[in-house]
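Chains as they are written, first to last, in my numbering: chain A, 1 to 154; chain B, 1 to 564; chain C, 1 to 259.
It should be emphasised that the hints constitute simulated quantities derived from the structure, not laboratory data.
Among the clues, some could well be false.
As the list claims (entries may be wrong) - Lysine-lysine pairs mimicking DSSO-like chemistry, simulated, CA-CA at most 27 Å apart: (1) B/LYS559 - B/LYS512; (2) B/LYS291 - B/LYS7; (3) C/LYS139 - C/LYS26; (4) A/LYS141 - B/LYS110; (5) B/LYS94 - A/LYS141; (6) C/LYS139 - A/LYS17; (7) A/LYS114 - A/LYS70; (8) A/LYS17 - B/LYS284; (9) B/LYS340 - C/LYS139; (10) A/LYS139 - B/LYS559.
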Amino acid sequence: MEKEKIEKIVNKHRNEKSAILAILHEVQAEDNQLNSESLRYIARLLGVPCANVYGLATFYSAFSTEKRGKTLVRACDGISCHINGAEEVIEVLKSKLNIEMGQTTWDEAFGLEKVRCLGLCSISPNVSFNDKIYSNLNKEKILEILQTVMGDSK
Amino acid sequence: MKIKNMKDLDKAKDIGMKSLFPKRPKISISMSTCGLALGADRLFQKLTEEKEKTGIKISLHQTGCSGFCNLEPMAMVRLPGKPTLLYIQMTVEKVEQIIQDIQKKKITKKGLFCTIGSDSVSGKPDPELSEIPDYKDISPFKDQYRLLLGNCGIIDPLSVSEYVAMEGYSALYKALYQMRPEEVIKAVVESGLRGRGGAWFPTGFKWDMARKSSGDEKFVICNADEGDPGAYKDRTIMEGNPFKLFEGIVLAGYAIGSHHGIIYLREEYHHTFEFLNTAIEIAKRYGLLGKNILGSGFNFALNIVRGGGSYVCGEETALMDSLEGEVGDPRLRPPFPIEKGLWERPTIVNNVETLSNVPLIIQNGGKWYANIGTEKAKGTKILSVVGNVKHPGLYEVPLGTNLKQVIFEMAGGPFNGKSIKAVQVGSPFGIFIPADKLDITLDPEALREIGSMIGSGVIVAIDQDTCIVDILHHLLTFFVEESCGKCVPCREGVSRMEELMIEIYNGRADMKDLDILNELGETARDFSLCALGGGAPAPILNGIKDFKKDFETHIQTGKCPRFS
Amino acid sequence: MIVQLTINDKEIEAPESSTILEVARKNGIDIPTLCYHEALEPYGVCRLCIVEVSGALRKGIRISCIQNAMDGLIVNTESERVLRNRGFLFELLLARSPDSKELIDLAAKHGVYESRFYEGDTDDNCVRCGLCVRVCRDKIGAFALCFAHRGYDRMVTTDFESLSEYCIGCGTCAQICPTGAIRMKDEGEERIIYTKNGVVARFKLETCDLCGIPYAPRKYLDFIKRNSDESMAVNVARDLCPTCARRTGAIHLVGSMTM
Numbered sequence: 001m002e003k004e005k006i007e008k009i010v011n012k013h014r015n016e017k018s019a020i021l022a023i024l025h026e027v028q029a030e031d032n033q034l035n036s037e038s039l040r041y042i043a044r045l046l047g048v049p050c051a052n053v054y055g056l057a058t059f060y061s062a063f064s065t066e067k068r069g070k071t072l073v074r075a076c077d078g079i080s081c082h083i084n085g086a087e088e089v090i091e092v093l094k095s096k097l098n099i100e101m102g103q104t105t106w107d108e109a110f111g112l113e114k115v116r117c118l119g120l121c122s123i124s125p126n127v128s129f130n131d132k133i134y135s136n137l138n139k140e141k142i143l144e145i146l147q148t149v150m151g152d153s154k
Numbered sequence: 001m002k003i004k005n006m007k008d009l010d011k012a013k014d015i016g017m018k019s020l021f022p023k024r025p026k027i028s029i030s031m032s033t034c035g036l037a038l039g040a041d042r043l044f045q046k047l048t049e050e051k052e053k054t055g056i057k058i059s060l061h062q063t064g065c066s067g068f069c070n071l072e073p074m075a076m077v078r079l080p081g082k083p084t085l086l087y088i089q090m091t092v093e094k095v096e097q098i099i100q101d102i103q104k105k106k107i108t109k110k111g112l113f114c115t116i117g118s119d120s121v122s123g124k125p126d127p128e129l130s131e132i133p134d135y136k137d138i139s140p141f142k143d144q145y146r147l148l149l150g151n152c153g154i155i156d157p158l159s160v161s162e163y164v165a166m167e168g169y170s171a172l173y174k175a176l177y178q179m180r181p182e183e184v185i186k187a188v189v190e191s192g193l194r195g196r197g198g199a200w201f202p203t204g205f206k207w208d209m210a211r212k213s214s215g216d217e218k219f220v221i222c223n224a225d226e227g228d229p230g231a232y233k234d235r236t237i238m239e240g241n242p243f244k245l246f247e248g249i250v251l252a253g254y255a256i257g258s259h260h261g262i263i264y265l266r267e268e269y270h271h272t273f274e275f276l277n278t279a280i281e282i283a284k285r286y287g288l289l290g291k292n293i294l295g296s297g298f299n300f301a302l303n304i305v306r307g308g309g310s311y312v313c314g315e316e317t318a319l320m321d322s323l324e325g326e327v328g329d330p331r332l333r334p335p336f337p338i339e340k341g342l343w344e345r346p347t348i349v350n351n352v353e354t355l356s357n358v359p360l361i362i363q364n365g366g367k368w369y370a371n372i373g374t375e376k377a378k379g380t381k382i383l384s385v386v387g388n389v390k391h392p393g394l395y396e397v398p399l400g401t402n403l404k405q406v407i408f409e410m411a412g413g414p415f416n417g418k419s420i421k422a423v424q425v426g427s428p429f430g431i432f433i434p435a436d437k438l439d440i441t442l443d444p445e446a447l448r449e450i451g452s453m454i455g456s457g458v459i460v461a462i463d464q465d466t467c468i469v470d471i472l473h474h475l476l477t478f479f480v481e482e483s484c485g486k487c488v489p490c491r492e493g494v495s496r497m498e499e500l501m502i503e504i505y506n507g508r509a510d511m512k513d514l515d516i517l518n519e520l521g522e523t524a525r526d527f528s529l530c531a532l533g534g535g536a537p538a539p540i541l542n543g544i545k546d547f548k549k550d551f552e553t554h555i556q557t558g559k560c561p562r563f564s
Numbered sequence: 001m002i003v004q005l006t007i008n009d010k011e012i013e014a015p016e017s018s019t020i021l022e023v024a025r026k027n028g029i030d031i032p033t034l035c036y037h038e039a040l041e042p043y044g045v046c047r048l049c050i051v052e053v054s055g056a057l058r059k060g061i062r063i064s065c066i067q068n069a070m071d072g073l074i075v076n077t078e079s080e081r082v083l084r085n086r087g088f089l090f091e092l093l094l095a096r097s098p099d100s101k102e103l104i105d106l107a108a109k110h111g112v113y114e115s116r117f118y119e120g121d122t123d124d125n126c127v128r129c130g131l132c133v134r135v136c137r138d139k140i141g142a143f144a145l146c147f148a149h150r151g152y153d154r155m156v157t158t159d160f161e162s163l164s165e166y167c168i169g170c171g172t173c174a175q176i177c178p179t180g181a182i183r184m185k186d187e188g189e190e191r192i193i194y195t196k197n198g199v200v201a202r203f204k205l206e207t208c209d210l211c212g213i214p215y216a217p218r219k220y221l222d223f224i225k226r227n228s229d230e231s232m233a234v235n236v237a238r239d240l241c242p243t244c245a246r247r248t249g250a251i252h253l254v255g256s257m258t259m
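Isolated chain A, as found in the complex:
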């Protein structure tokens, strides 16, 4: 991400070290990744060790040091979703997107991740496509949604 954009975000948080989580969230959201250039620059601006920032970026599930798919597909695998058929929904996602959990499609259009949990346990299984959440899913419904979403992205 361009240095000016990073500076703007860091300045917004008054260059405070304790705001690093919020800063990483914003850079991740904007750039869809936290690559080494961005992280090193953030570390420099905040005056924190580079190694620490790398530790943060790899500890938290919300962050990715590699470029994520443009559409991040998060399949909830909490206990309620699991009991109500999340496994089948996840199999369809893996097969249709042709990637394993944690991977990104070759054209960077989609990334697939597990999440626990979205807090929608009485309407499980749930999957989110970036910020759009679909609930009460089963094999057929997720297939239909994928066909629409993948069709749109062409």
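Take the given structure of chain A and dock chains B and C to it, following the hints.
Below, chains B and C without anything else, positioned relative to chain A:
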């Protein structure tokens, strides 16, 4: 439009009453994360369009979720002179029908689930609605005691005046103007309130110690990380009645002498984050946060920090490390947060549900609260009942309520004629209680006696077609992925448990391996640094004891009973 | 304040501020540790230092590196429960660090010779004790190392798991590592600090002004200069290897004494 005194509060109450009970027909759509996921925004848009198109005189509102997300999208319709009507699983067509019927002064029957309060203005039951049940007589609402969830799904969560009309902020006003901080703490101690996030620690005692800790700067942290899969009670409060939570946080600040609160919010709750930030801005505009709250001279700033997606950050010391810009590694204790917490300052960390109880305690008195529940477990508990039941959802009941009653009478029991095999109570660390042992009361003492816990109140019911080995493996995967990896017993022990469980699942183990699973579990249980590693083994070790048959099937045949 | 406690039936007096581990070691009682070092704050993660207590505390197992001595405390460092659990912890550690001679010897000393959990895969021999990260952070101040990822995958590494520009090449991490997972090697004019996962840092060694042998990286020498009192160090103005520095210092000292 700051509320600076009792007169302002009364004025807000009047506005709120008019908003809650307008003279014209009123339609409220619940627009929490769940409603939105099920299309509530389209309904609201349709209603707005119809209103503009037809010029129909109706009052359109938004509410939060009541906790029964599978009944969403919900619409509450209040026709003048009639009891409030609750419509469930609404669609655009059904909503169009309601508009048409309102114009014809008819009551729409399609989608009508129940009334909320069966008496009309005359005080007698309405003959037009004689066959419609009232919410307090039917599942899933009956037998609940909705102290905390009472406003959720009823009021506009972003309306200060509606909350004030429902007695909101009367507790904070009373505390800031008529009580000393020590008296606030005394009331909380008297109430017997204990932590609702899982630790069950006496809240008043914690606040008292924090008040007595030396230091000019103290912090109130609201733990809104809600990491237990199956739990969404905190989300419901935050999206349904955020001002109640804020009121509780400010009361906590006043009690311990803190002027700064932080809500540590779960990363996965994207909508809730935006929503709460809006609510904070509104509260500031009304003088309910920031400087000179309610004109009392007491200042308290509140901000929200999003977590990074890590279950272990729900543990209070890991949470504080996370707030300080570090990874979420649990700290050694002592020192305890009340002495040296966030930035080494005295800090209290309380759950959303715990803090939401406080306004009620201050308003009605500690003794009033202590009359609810049992001898040793006071107040209500919000239970998140999920899994194989007819009516999954949030059930708020007095502590001491019978588990069997909750599962079979309130939540409707299993669906499709199946039978319940077991119920996991409390949290992912709760044991699976076999079906024949469900006749117990939901209070920490009774639960502890059978090796269970009240936890955050998650209740997972599994039916006869579920396999315990599959569920326990699923749980272990969760623990392994969420472990911070700092201490040996959890990082190495629980990981080896998961490896062994995979072997068991695939029929590549033998019965002796169950002994090794036990040894690993005991080591993690007894020597882990925090409650993640310490709690992970419990459901596994109990599962081996109580559901040996599922284990035998896997070990002997390599096949899962689910697919037989 | 001085307290009186009993360790393995031996009555001992000790300051209240000391930990059971410190008291035991001062009195020649051996308790194994991996993540403990006198120069650093206790970390309490390896759990090898468990002891069984009773008396002043409720009977149970405590972590001796963080448990303070108490008046009337009775400690048993070799009870049946302690030996069983400690042995199990060694098994878990050996599975993770199968090639570490130091760990194998330590485990053997405590009666553990193999691990049921070892599946034949070679790992990096790191027990995640954090000593290297902590010493680099808290004592040296170079902040070259960190823990990355979490859970079983938690690992000691540099920023971006690449060659570190913050490492000063002092080798304290290699010296403090209890399992040999992180090592330092001087070969010719080059020093490398490395783990099984890769090279942490690479340096050219400066040569001694007097005898000409390659002996330390420039960054390390600069660090010493920055942190030394000028009057104390003989090698501030010149680059001197330890041997030459000692000799020069001795000459100066004798010289100043005979003046």
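Do the hints match the structure? See the list:
no.	hint	in the structure
1	B/LYS559 - B/LYS512	holds, 19 Å
2	B/LYS291 - B/LYS7	holds, 19 Å
3	C/LYS139 - C/LYS26	holds, 23 Å
4	A/LYS141 - B/LYS110	holds, 25 Å
5	B/LYS94 - A/LYS141	holds, 22 Å
6	C/LYS139 - A/LYS17	holds, 21 Å
7	A/LYS114 - A/LYS70	holds, 16 Å
8	A/LYS17 - B/LYS284	holds, 26 Å
9	B/LYS340 - C/LYS139	holds, 23 Å
10	A/LYS139 - B/LYS559	holds, 23 Å
Violated hints are absent here; each numbered hint is respected by the structure.
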